[in-house]
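Asks: Residue numbers (my numbering), protein chains in the order written: chain A, 1 to 507; chain B, 1 to 200.
Heads up, a few of these hints could be off.
Stated by the list, open to error - Below, in silico cross-link-like pairs of lysine-lysine (DSS-like), each with a Cα-Cα straight-line distance of 27 Å or less:
| no. | chain 1 | residue 1 | chain 2 | residue 2 |
| --- | --- | --- | --- | --- |
| 1 | A | K122 | B | K7 |
| 2 | B | K113 | A | K319 |
| 3 | A | K319 | B | K29 |
| 4 | A | K116 | B | K111 |
Keep in mind the hints are simulated off the structure, nothing from the lab.
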Amino acid sequence: MNYKLFFLIVIIICGFLLRFIDVANDPPGLYVDEVSIGYNAYQILTTGKDEYGVQHPLWFRSYGDYKLPVYIYMVAGSMAIFGKTEFAVRFPSLIAGTLTIPLLYLFLEKLVGLEKDTTLKKRLKYVPLLASFFLAISSWHIQFSRGGFEITVGTFFYLLGACLFIMWLEKKKTWCILISILIFILAMYTYHTFRILSPLALLFIAYKEKIYKRSNTFPIVLAVIVLCLPLIIFTLSPSGSERFSATSAFSQLKLTNIWQQIVNYPLLFLGNYLSFFSFDFLFSFGDGIGRHQIPNFGELYRWQLPFLLSGLYFLLRQKKSIYNYATFLLLLTSPLAGALAIPSPHALRSLPLVIPCMILIAIGVVFIIQNIGRFRIILLSLLIIIATYEFFFYLHFYYVHYPQINQLDWGAGYKQIVQATAQRKSKYIYIVIDGVLNYAPEYFHFYDPSIKFIMVNASWQKPKKWGDAPVLYIRPFYGQRSGKNLVANIYLKGINHDIYAQLWEIK
Amino acid sequence: MGNKVTKSIIFILSAIVEVLTLQAWFVCKAFTDIFHHTSINLVLQLDDYIHADKGTPILFTRLFHNKLIQIVFDYLRFYLQFWDVRFGSNWFSLIGYFGIFAGFYYILANKQKKVYHWVALIIILLLPFIEIIGEPQVNIVIKSVYLWTPFILFSFYGLYQFLSHGNRTVRFIVVLLLLLISFLWLITLHNGIVRYCIMI
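Pulled out of the complex, with its shape left as it was, chain A reads as follows:
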């Protein structure tokens, strides 16, 4: 067997295991967006309608915005096989995350094939394998492949579109470019980031292939417009712009003067854009959102820093290389969508950035090893030791610390509330939930839709007309550890046995 193929298979297996092992339980619980996706997918699977009763919708109404359809329909398919489980919600992301590894290899192999400089071609020989290995162990990519995040699938489509475009450049087969365009459009329907990145990619293809000079490409342009039309109409509609205004970085400035806007908006955008390249984000803290990385870890491993910089340096020196163009194009465009929104930097919205980062690191490793002469063995051994240590350090934090420290970021407690309620629901006429547990309805719909409940605010009193009817009152832990009417405490994981919520009986 070809040694490259052998190593690639090993890398894919490693990547799959890192994304698969205990994925249903770690991250610890489904967070509210995953639950919403799961519930809608189940509704689609069983009734063909979303939670609001719309038949096979293209946009799924959700908390404060509308979700794009591709991931939800994929989860519906996954639920047809695995049932309504946490695993089924995360399965499409896990598979897309794993498949991105060989795809990156293929993409880079094709790029090497197109490289004209034979010396450079030789030097870059190991980059595809190395980059796909780094992607397989990337904490940034693992984090999002293990959750039900649409961005993982979107990134897969985006890279697939780019790969097919490279294949078109190589073989000039029409099907390559047609499928490439279709895949870019599919990415637009997968996650909001690609509503910016995919049109840019399509414009790039149009520019590169000089579509404006050819009359025979008119049907393709027309087809692209028709396929994008629903998304364009949706984006311009009040529902579609809801998300933009909710997350827009510009709306935070509250500038009404047009001249102030002309000066401030581009600067704000530039500041946000640069934040995605900050060392703080990449190597120290990440974006600070608990679901997006382990606390005190950046998006990349610390040992990768010198290699990232040297990869950058090496590519800057290869002025006429296609590797240079492709990597910088990916590097510079990936944060564009994220920079329009707040908070910035944002690890999820900029996940496509992981691809050029892995390429640069791989180039950096190859470049340094090729240039250090007699210290090669020592440096290589040192690199392997440090990288292995930091990788296990990450795994230790991921499996031991993360489920305890960040469980609330993942909606821990809600599932237990539903389970505890389900065990007792027959005893009570009314089930009342404190509004502070504001995501409870989604969790109840997903885990046990048969439970009927009422959401109330914290000052709620039992109405007199309910008389002596027994009521189960579910509320967050307000400090009272015991009481005669206390039915159950909902504990969080961890050695502190913190109480998250309580079930009280009201007579």
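Based on these hints, arrange chain B on the given structure of chain A.
Replies: Chain B alone, transformed into the frame defined by chain A:
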């Protein structure tokens, strides 16, 4: 000759923008904790980590949560703060930050490096340690002498090299554009230093 004049004008303008950028910091008493070793409490950090390690073999706990590793990670974090684009664009201005990286690039790319190239590189790379290890409460004016001036000189070297290579017209335009952005940045987004400065 024309080139020299243009270069001189660019350097003067850069110097003005960089001085104005620094001047914005004179409302600060000191840098925030994110730059100083004094903010580390190793015992507390390790206690916090070990607390969550219940049930983990002691070997792993010792391997992953020890003072050596924690110090290395903490110092790396402090050190990287100095090179962070968000800090750099506020402390040196955007054009200054660009010049520093151009300086690195051109020194590394120079195949006939002289001793002074190496000395400049080493000084610039080691300078942040003065702030990390040193006394945090040093007046910002004094701090600017040892922590700002060398970087700015290095940045000028980088800008000079950048303007002396490749297509000069394009590069002049790039630098002028950066200058304009740096200036607008300074007057419109002046609250960027809040994250890094303790006000007087």
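Asks: Hints first: check each against the structure and report whether it holds.
Replies: Tested hints:
1. Between the alpha carbons of A/K122 and B/K7 the distance comes to roughly 40 Å, so the proposed pair goes past 27 Å and is violated.
2. Taking the CA atoms of B/K113 and A/K319, the gap is about 22 Å. The hint holds against a cut of 27 Å.
3. Only pairs whose Cα atoms come within 27 Å are accepted, and A/K319 paired with B/K29 is rejected, the gap being roughly 45 Å.
4. Under the criterion of a C-alpha separation no larger than 27 Å, the hint pairing A/K116 with B/K111 is consistent with the structure, at around 25 Å.
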